[in-house]
Structures are given as structure tokens and as C-alpha cells.
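Modelling step: build the complete structure from the supplied sequences, incorporating the hints.
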Amino acid sequence: MARAWADSLIKAFYIAKKDAKVYYFKAPNFTYGLLIPVSLYLAFSMAGEISSKLIVAGLTSLVMLFGTTSIEAVAVVLEKQTGTFERLLAAPISLFTIVLGKALAGFFFGLILAGAVLFPLATLSGIVVMNPMLAVIAIAFTSLAFSALGIIASAYAKWVPEAQMLSNFLRFPMVFLSGTFTALETLPSQLQVVARFLPLTYSVEALRSSVGESAVTYTYILDIVVLALFSLVLLVLSAKILEKRIA
Amino acid sequence: MNLALDVHNLTKQFGQILAVDNISFTVNQGEIFGFLGPNGAGKTTTIRMLTGQTRPTSGSLRVAGMDMIQEPNRAKGCMGVVPEVSNIYDEMSAWDNLIFAAQLYGVPKNERKKRAKELLELFGLHERLADRAGNFSKGMKRRLTIAAALIHKPSILFLDEPTSGLDVQSSRMIRNLTKDLNKNGATIFLTTHYIEEADQLCQRIAMVNQGRIVAVDNPEKLKASVEKHQIIEVSFDKTQNLERKLASLKYSSKVTQVGDKFRLHVRNTSEVVPLLVDFARENGLKIVSINALNPSLEDAFVEMTGLSPEVMATEKEQGKKAASLG
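Just so you know, the protein sequences line up as chains A and B, in that order.
Quick note, the first sequence lines up with residues 877 to 1123 if you use the numbering used here.
Quick note, the second sequence lines up with residues -12 to 313 if you use the numbering used here.
Hints should not be assumed to be uniformly reliable.
Mimicking DSS-like on lysine-lysine, the simulated pairs with C-alpha atoms at most 30 Å apart in a straight line are [stated by the list, open to error]:
1. K956/A x K100/B
2. K166/B x K893/A
3. K893/A x K125/B
4. K100/B x K902/A
5. K96/B x K893/A
6. K232/B x K956/A
7. K104/B x K956/A
8. K101/B x K166/B
9. K1034/A x K125/B
10. K1120/A x K929/A
Bear in mind the hints are in silico, worked out from the structure with no lab data behind them.
In C-alpha cells form, the structure reads like this:
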């Protein structure tokens, strides 16, 4: 059993490595992953004052959201279109291994983007990242959850534009409902309830705690636990949806 | 005899559409087994089920004794799959494509490079090993796809239309390779719409139409099953407007023009030859050649499916065009 899991994990890493080479690690993808979140923040910071701690936490979450889902959403569709997905399906690996491999590629890409935003921005703004280890764990689960979200969009889509539309449908409401630009408490109470069902809410909350915008309390740990649960549930869900779509 | 494939009552339904209808057959180990049928007959859906890419709606399927439903990864590990459209990663080099395939199939690390090198040499791609596969010609991509399917030395190789759309040289190379692999003990499951290719390569053939198997046997027995008709092939020094005139000839049930030749389906050759000589004299024609043909696999196919091979080829091309436009 343990050997089977180890084998599955190793093969998922091979798929992630291949995806990184084929889809992710290209200059335009890094630019795109950073461009939209930065533009959104610039637009909102012009409308009102946003504290630098809010910017650092929110921007880090947003680059992960846009960076991972943008490519993840089309990676499976492109493979289905070119027939390479059949190569993966015919190989002696489970569908969950394929999904895990795809999600890992997005996960590493998200980690790099978050690292490229959080630490330089924090240093420039004179912000101290409290408990960097917890911050890294929060970033890791955020990146994994968003990667799985991208796969869900990709599983439903037949063509690249459809995948992009679906991922935008998932991303943009989240951006405005998760307290990314303002404190969650400023939203109407019904929307605050909706926000609790969105992974971005917990990512922003955890990262705010990590830069000292809000106190590091048990909620920080709770945010990380919820992000871990989101990662697991979204991964399993994406594998189930994909299984149904290719049946 | 050990069975490479043991298929029982395999069915696949997509909503209201019955793509594969309760098919059963076996493939012996070391055999080249052909799966012959027109576009939409259910060939690709069958291959997708046999290779574990999609689950059957019902039925059972064993690959080299392993249940594909219960232990799919073990079953998939002993097969190599070459789909109809070459499915290598265009962005990766030939070398990286093979190494990735080796990694997926669990080829030990110390063997991967050796095996990739051997295959690139075998397929004449060694000098281009570092080039992006996207820059390869169609024939080269096909060869690389087959090489990737062989990286783990599978005991069963699925070839879906392996020579479709290839130049003569590449097609011949792939046919020879198929024979060589089979000589070395590999079982080959071949789908093709080239009847001649199936006739040349396969030890047994299943003819499929509308999701059902209409016949399974070796090519010679399939041909013998339609021997009630004999065929005379005749060519004259002129060909204009002769098909209709020949059709009115006594004892001839059907006439088809094939290039500059006419094929007459007759019950008894000896009765018709003198009539053809008279026909040529009466119409001021010279007979260039006259031959009695044995029924071909194509005749057997037409007899059993009711489809003409031309229709089959046309459907195939239309299907490909639609796919490329889609």
C-alpha cells in the first residue's frame, strides 16, 4: 500500500516536471500571473487608501490565484485537444495521480510567484513576516487549492476559451467577495457568509496574520487547516469531475 | 493457448448512443489481430476500453490474464498504445518525450537512457534527439509515438491506424517493424481501414460495423466465405462507356470499373470468357489483359458489412477533416 502511494507520488512529480517544462515556466506566464493582480491593486489603491500590509497579503494571494488557475485551467484542455491526455490515461497510473501531478505543477508555480511577491514587497515596505514557516505553509495550501480549482475549470471545458471563461467565472467573484481589498467585516453580512465558502478568504486572512495586519491567534492556524481541507476536497473533486467527463 | 486479450460482452453506451454493442472476442498471445471497420464502427471506443482509457458500460475484459476493471494499472503496464493521432509533446525534444514515457511506465532509471537511445536509433531519429518534436514531419512524429509506446517493452501493442496519412516509405517501415515486433513475441492489436494492410499483416481479423463484430477469422477463411462469386478482371484498349454494356452481358451479376480495368462478378468463369471475346469483337475492341481473380479480403468485407471500401476511406478522411476543423 505504502509502496503504491510512493510510486503514485513519484509519477505525479514526473507529470508535474513535464507540465512545468511544457506549460508553466515560460516568461509570458510569469508576467500574466503578476500583471492582473498588480493592475487590480493599483486600480483599487487609487480609489482609496490601502495599508501596505493589506497590499502585501492581498497581492500575494491574488498572484497565486491568477498565476495557477490561468495555466491550470488550460493545461488539461490543451492535453485533451492535442491527444497527449490519452497518453496519460493509457499509462499505468490512476486518474488521481494525473490530477495530483497537474496540481503539483501549479503548486510550484504558485509558490514561486508568491515568493517573488511576498518577501520583496515586505522588505521594501519594512514589514516583518511573522512566523515565516506558517506563512510558507499557508502559501503552500493556497497554491494547491487554487491549482485544483483550475483543474475543475479545465475538466468542464472542451476548448481553451471555455476554460478561460470558466476560470474567470470562479476567480473574479472571489476577488471581490473574499475581503482582498478591504476588511471582510465591511461586507454585508450575507456576503460575509458567502466569503466563508471561498478559499481566497482564508488565504488572505492567513497572510494578513503573517504580516501582522491582524493578530496571530488560533484563527491563523484555523485558516491554514481550512486551506488544507480546501486543497484536499478540491483535488478529490477535480479527479471525480474529470473521471465523469472522460467516461 | 494463453490469451493476450479476453473480451466478453463488452458494451459502451454514451447516453442514447450505443457505440459498442456486446462484443466478444479473444486475441492469442503472439498474434497480429486486426480490427477492421469503417469510421464510426466503434473501433476507437473499443481500443479506449481495451487500453483502460474509458470504462465499459458492461462486460468483462482481461489483458494477459489481468482484469482491466479490477487491476487497471497492472494491465496497462503490459501494453503499449499508439493512437490514431500522434500524441507526443511538441514542446519537448524527442529524447525528453521518450524519457517521460519511460518514467510513466516505471522503467528503472538505469535503463531509461539506454532504452531511449536504442529506440531513437531503431527509428532513425537519433540525430534529431535534441530537437523539439513539434518541428518533426508527420512520419517522424509517428515513429516517435511508436518508440514511446515501446519504451517499456510491452507484451501487447495497440496500433490505431498506424500508417494512415503517411508516405510510402514511412508506411513500409512501420509495417516491417510491426512484423519484426511480432516475430519477437509481441502481440499486436491493429485497427486499420486499409484492407490490404490488414490482409498483409494480420493472422486473424475481426470485421466490425455499427458497434458489432460481424465476423472473426483468419483472412483466407474470410475470403473463402465469399467464394460463391468469382471475379474476372478484363481490360480493353478503350474504356469509354463500357461499364453499362458489360453489365448487360449474360452470366454477369455485377460490373465495376477499377482504373482501366473492369471487374465482372460471375458464377462461372469458363462461361463468361468466350462471351467477353465475342463482346470485344462486336465492339471493335482489343483485349489487353484478362484474369480470373480470387475473392479478396475487400470482397469479404463488402459482403459482410454491406459497405464499400471507398466509402470507408472517404468516411475516414471526412472524420479527420472534421476533427482537424473542430
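Discussion item. I'd like to know which numbered hints this structure contradicts. Please list them from smallest to largest.
Written reply: 2, 6 and 10
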